[in-house]
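Chemist: For reference, the chains in residue letters:
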Amino acid sequence: MQEDWTAVNDIVVTVFGALVLAGALLTVVERDPYRKLISLGIMIGGAIPFIVDRGLLDVAIAVALIAPLSTLFILMVCRKGEQ
Amino acid sequence: MNPQDTALAACAVIAVYAAIRVALEPDTLRKLPFLNVLSFAVAGSIALILPHPLSLVAAAAYFVGTTLESNAIASTYAGGLDRRE
Amino acid sequence: MNPEFILGLVLLLGGTIASAFPVPRTYLNRLINLEIPAWGLLLLMLSYNEALALLTFGGVSALSVYIFIRVIQKKEASG
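In order, the protein sequence lines correspond to chains U, W and Y.
So that you can map any letter, position 70 of the first sequence is 318 in the numbering used here, and since no number is skipped, the others follow by simple counting.
So that you can map any letter, position 50 of the second sequence is 436 in the numbering used here, and since no number is skipped, the others follow by simple counting.
So that you can map any letter, position 26 of the third sequence is 40 in the numbering used here, and since no number is skipped, the others follow by simple counting.
Excised from the complex, chain U in its bound form:
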């Protein structure tokens, strides 16, 4: 059982850590605000499974509901002509 648990944890850490790093790097590199927001979505999708992996499920629910709100706030400034 312990071996299985470490195997699962290893998959989670490797894959979602790579997702977090790739999303952050793409967010820095991109120039268009919409493409930056899409890359930020990749980074958020990689960061939330770490919270679930620690067992803080109530925090994970709250963060997963609050995180799109900040993206919606940023989208209030983005316009079609500005890119």
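Since the hints were made in silico from the structure, they are not lab data.
Since the structure is predicted, the reported quantities are computational estimates derived from the model, not experimental observations.
Note that the Cβ used here is the ideal one computed from N, Cα and C, for glycine as well.
Incorrect hints may have been included.
[Stated by the list, open to error] Listed next, the stretches of chain U that the computed footprint assigns to chain Y, with coverage defined by at least 3 CB atoms under 8 angstroms from CB atoms of chain Y:
(1) 262-271
(2) 278-292
(3) 297-304
(4) 315-326
[Unchecked claim] The following label-pair restraints were derived from C-beta to C-beta distances:
(5) U:D258 <-> Y:N63: 39 to 47 angstroms
(6) U:D306 <-> W:P412: 35 to 43 angstroms
(7) W:S461 <-> Y:N63: 32 to 40 angstroms
(8) W:P389 <-> U:D258: 14 to 22 angstroms
Model the placement of chains W and Y on the given structure of chain U, informed by the hints.
Modeler: This is chains W and Y only, laid out in the frame that chain U set:
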């Protein structure tokens, strides 16, 4: 490997593939379906990481939030909200 | 030194540098790059198992983004 680990590994592979496709896509509007695929895979792996009833609620919350975010990006990029000004 | 700690440090340092020197120097790019150190700090708090700090920081981060958006809108309206 029990079936739960196999399903988690499949979800992780789908997430990495969708992330690579999002990163290499030159068209901005064509990135968004692959962002949805990534969100589905991450929501599935959130539900599969911990065998706890509340993790299903966390996966549902993440699913709702990220679908809303992706649709908002697509709607603003297509100019749906700023048409009347 | 668990993986969350290292990942949070990398995100915090890289995101701070990227937010200080954004490539097109606009306020919007600076604000989007400011999201990266926020998530890095959240991962750092996660590595110390501070659940209440995580909840508070998540709420206040979204609120501060809204305040910055209002500031940018006022600055763009005034010229």
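Chemist: Would you list, in rising numerical order, the hints stated earlier that this structure does not obey?
Modeler: The structure conflicts with hint 5 only, although it agrees with all the remaining ones.
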